[in-house]
Each structure stands twice: as structure tokens, then as C-alpha cells.
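K.L.:
Residue strings, one per chain:
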Amino acid sequence: MKSKKQISIQEAAAEIKNGDAVIVAGFVLWRKPMAIVYEMVRQQKRDLQLLGANPGVDCDILIGAGCVKIYESNYVGHELFGKIGNNFARAVMAGTIICEDYGHYHGVLRLEAAAMGVPFLPSFSCLGTDLLNPEYDMLGQAGLRDGSNPRIPREKFKIVTDSFYGDGNVVLVPAARADVCIAHVQQVGDRGTVRIDGQRFADIEAMKAAGKVIVMAEEIVPEEVLRQDPAANVLAGFRVDAIVECPFGGHPGGVYGCYDADGAFLSNYNDNGSRTQEDFDKFAQEWIYDIKSHDEYLDKVGASKLMNLRANSSLKWSTRVKRGVR
Amino acid sequence: MSNPNYAKPGDYKLGALMVIAAAREVRDKEIAFAGTGLPMVGIMAAMRMHAPNAHLVYEAGTTDSMPISLPSSVGGPRCGHKAAVISGMADVFGMLQSGWVDLGFLGGAEIDKYGNVNCTAMGDYKHPTARFPGAGGNPDINALAKRTVYIMVQQKRRFSEQVSYATSPGWRVKWWDKDGKMEWKSRREVYGKRFGGGPSAVITDMAVFRFDEETGIMYLDTVHPGRTIEDVKNNVGFDLDVSRCLGETPPPTYEQLDLLYNEIDPEGIFLP
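Respectively, the protein sequence lines represent chains A and B.
Per my numbering, the very first residue in the first sequence carries number 1; after that it's consecutive.
Per my numbering, the very first residue in the second sequence carries number 1001; after that it's consecutive.
Don't read these hints as lab results, they were simulated from the structure.
Heads up, a few of these hints could be off.
[Unchecked claim] Taking lysine to any residue pairs in the SDA-like style, the calculated list, with each CA pair at most 20 Å apart, reads:
#1 K1013(B) <-> E1248(B)
#2 K158(A) <-> E1248(B)
#3 K1193(B) <-> V170(A)
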């Protein structure tokens, strides 16, 4: 079964151009399209504008590899496996990326606005914080809010007074209009219908916020199968530009119902693979540049390790992975 | 519990005391937002103690789940077990914004006496001396839940007169006029009709703090066993009101330790 929409990991990464505004869907370390992220590093993407609500190891790796110029989001870390994205922190401190901080909900609303086709959405969140400090509009400070770039809104936010119900101060946040969204899901139909199992995070909004949508899946399945239960699908195939099949494509992150996040790998990345640029360069050489294909990557991770991460089909998580100290 | 079987000093670790202190903040039937780490352990413990009808919400998109295996992340597969609804972030943040959430547990790198919390950067924001992961859902939960409880490390430089960057709003907050001039305003004034509450307690490795209802200023509530009021004062960077200190934080009971180590976190993920 070869779908017309199906492309390779290399072709998927090649769809992303230098300078593009990119959303990497998923949540911190869950359902991240890591195989495409690694390939973006190999293809040495430059000057990317990273949008999206839930960055994690994907974002930290892209920053460490010098792919990113602008970051607009709310968190880079690895949760339990590393409190701070080290490459991200170094780049912000050195001023080598422009970092526009938003709150989490505002990040979601920015995607939702783009998905709905409107320029902004309102909320009450973050009032009275430095996230809404006019001095801390970093794209503005860099002179990039002159309206010449269609991916950069003229203002970071705007506070207005509600005239409908008299609800007082309301924050408007601009749509995050991206060039490309790359997502990783459990199943995609051979004509592109997207199925997500478990938490959807902000992925539905993320996919709808981009001009071009590339969906990587653990497996490509016959479209007819997905259409037997349409309520479980989240996006019609005609909105998906290309699909990629890639088992364990989210490693070192996890995928609900398929495999757990590889905590040992992530902790090692945090402790030994990203604390300094030299550490990261070594990590990237070993795990990205020296590896020619996803199959070679999986071989290097190792079959027994992947099997231990594999989810119990009834519980949806791995009962074999060692997570704590006991 | 009329006669609690408190664990003796040396029979429990600080992490267990902090989790049980956090669990005591949960009331039955409340809707609670849980972040990764000790907060989720605290809420799960509360649900097995005095709050069996509390409802657990995870930021990444699950509502009213009943985990049987401790999640290691709010986005992980264990969060969804026996949930009423698995959805996405727009859904749960919308629930938060429309006033449904009673309690949120949060962390932070630095806090001021009004409960403004920094999870972004130390020093000058534009040229920081240290950079943290960023806001995450901290300001959303703190702005929109009725009560929030912070779990933090007690250090003088983390308990500041004024935080380097106010990521998350306390009881007195920054506000900018049309010309960009900053002034401090009460949270009530800024949030107006949408005001629903604010920071309620701070639990550290030394003590529990609360906030005065009138002034919004932090005060010392209880001191953990083995620590003194002086210890706490020496690790706070502002003039701390200790006049209302109730004494020692109650330690966990042996039954609670059994619950934490054998039922909730048997793998030793957050409670090594």
C-alpha cells in the first residue's frame, strides 16, 4: 500500500524552508515528530521561527543545532527528566535567539485564533505579569513588528476593556500563523485522515494554524478503517499535505498507547548531552549526524530497550519501563 | 482522625512531609489542577485521605481521571486512566478560565511577599544571569484558579522583596498605563469582575506560609519539625511576619507514609 501523500522523512524535512514559521506539535515529550526534527538538524535548517504551545526536547535540539532565530512560546524543559532546556537557556542568555515569552494558555489561543482564521482571541490570563510588560516585547525591540513579515504581528498583545458585559480588562493575543506544522500521531489514513488517541494537547489547533501540514504517524492505515469511527478522527485528509510512516518516530518522547517516553535517554541528554555547546555537539554527532536513517537510529537505541518502552495494549502505558529508584 | 499516629523524626523524609502538607490543602469535592511532580502526588494522596470526591484535571487535556499508576508528566498516558473526558488544552484551560477550578498546585524559582512568582529569568530579563524554562501554565492557573498553592525550595535568594520577573500574579501586581508607565495595583482591581482568588499557601522544605487576606502579604504559618523560626527568617529575603506562627507542621502519619510509598509512588519517581 503506497499512498500518494506518503513521503519520506527526508522529503518531509525538505518541505521546511529556511526562515519558515514552524509549529512542532505534541506536548513537551509526548507525540513529538522527533525523526523529522532530527532530519531538520541534518539538513541544517536556519532562521526558523518556532511557534506553538508545547515545546520540549524538539525545540531544545533545534536551538542547539543553530536552526532557530525566533522562539515564541512558554516553556522549554523536559519535565521530570530535566528542569530547563539547556540549549534554550544558553541561547537566551547569549542573545543568539529572539525569545518572546507567552503564557501557556495564550500559546494555545494563538494557535486557536490561527485555526479559526481570526487575527486574535481574548482571555483574562496573565494580567498583572511581566508577560504583558510593554518593555518586554522582544520582537518589537528587535524592530520586527513593522508589519512587513506576515508571520510577525504588529503587537505582542493588546489589553482592551470589555464593552459587551463589562467584564473589565481583557488581553488579546495575536494568531500564530505558521508556514508549516509537523505533527506525530498514532494513525493516519492513506489519504491523510488524522486519528489521535489520548490527550490531543493543542495539536488540532496547531495543524489548522499552518499553511502546510505534515503528519507523521506510527502507522499508515487504510482510510476505510478510520472512517468506520469518524468521531475519533481530528482532521480530514484534504487538509493534510503529506504523510510519513515512522514507527517509534517520537523517540525519545512517548506516544499514548504505543510507548512511554525514554526517561533515561532524556535525563542523559539533559545531564550529559546539552549542558554545554560542546556536550550538545557531541550528542548531535552521535545521535543525529552519524546516523543515516531512522532504522539505524532504532538499532542504536536497541530492540530490548524499545520493547521495554512499548505500551501495554490494555493500559496504554508501559508496565515494564523502570521509572523511579525502586 | 482523632488520634493521629504521627511518624517519629527519622522515620520519614522531608519530601513525604511536604506532599502530605500539600494534600491537606485539598478539600473534598474540589476541582484541582495538578502539575508534574509533588503536586500530583499530593492530590492523589488527598483523594485517598480526606478528599475522595476531589476531581483531578491535567493541563495537557484530561478531566476527572483516576490514575492507578503515577504519571511522570501531565502529558503522559497514565493521566488518562478512567478519565471522564480526554480532550486537549483548549478545553481544560477554558474550564479554568470560566471559573471551575478551585485549586492549583504550582512551583517556581523565586517568589515575593505578595506571591508574585518568577519562573522565567533572574537578573535583567533582556540580559539574564539565569534563564528558567518559562511560564508554562503557571500564570494561567495562578490567575484563574480560586486558590493556588506553591511548592518551592526555601532559600533567601528565592524569597525576594521583589522578583526579577513576575511570571505569575500575586496579590499586588504590576500594571502599565497607556504610556507604558508601571505602577503596583491590587490584584482585585486588575482582575475586576473576574477576580476569583489567588495564592493561598507556600509549602517549602522548611515551613508553610500563608497570605493575609487584607494586605496580601505572606506570613509564616507553621515550621517543619527540626527547624526554628530563626532558620526560616534567615532564609527569607524580606521582613517576614512570624507573629501568627501556629507552631510545628504536623508530620505525616505512618498510615500516610504507607499510602505514599506503597500505593501512590511505589516506583520511587517523585519520592525516592
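K.L.:
All the hints need checking, so say for each whether the structure fits it.
P.N.:
Verification of the supplied hints:
Note on K1013(B) and E1248(B): the hinted pairing holds, with a Cα-Cα distance of about 16 Å set against a maximum of 20 Å. Taking the CA atoms of K158(A) and E1248(B), the gap is near 47 Å; set against the 20 Å cutoff, the hint is violated. Pair hint K1193(B) plus V170(A) holds up; C-alpha atoms about 11 Å apart against a cutoff of 20 Å.
Consistency with the previously given hints fails for number 2 only.
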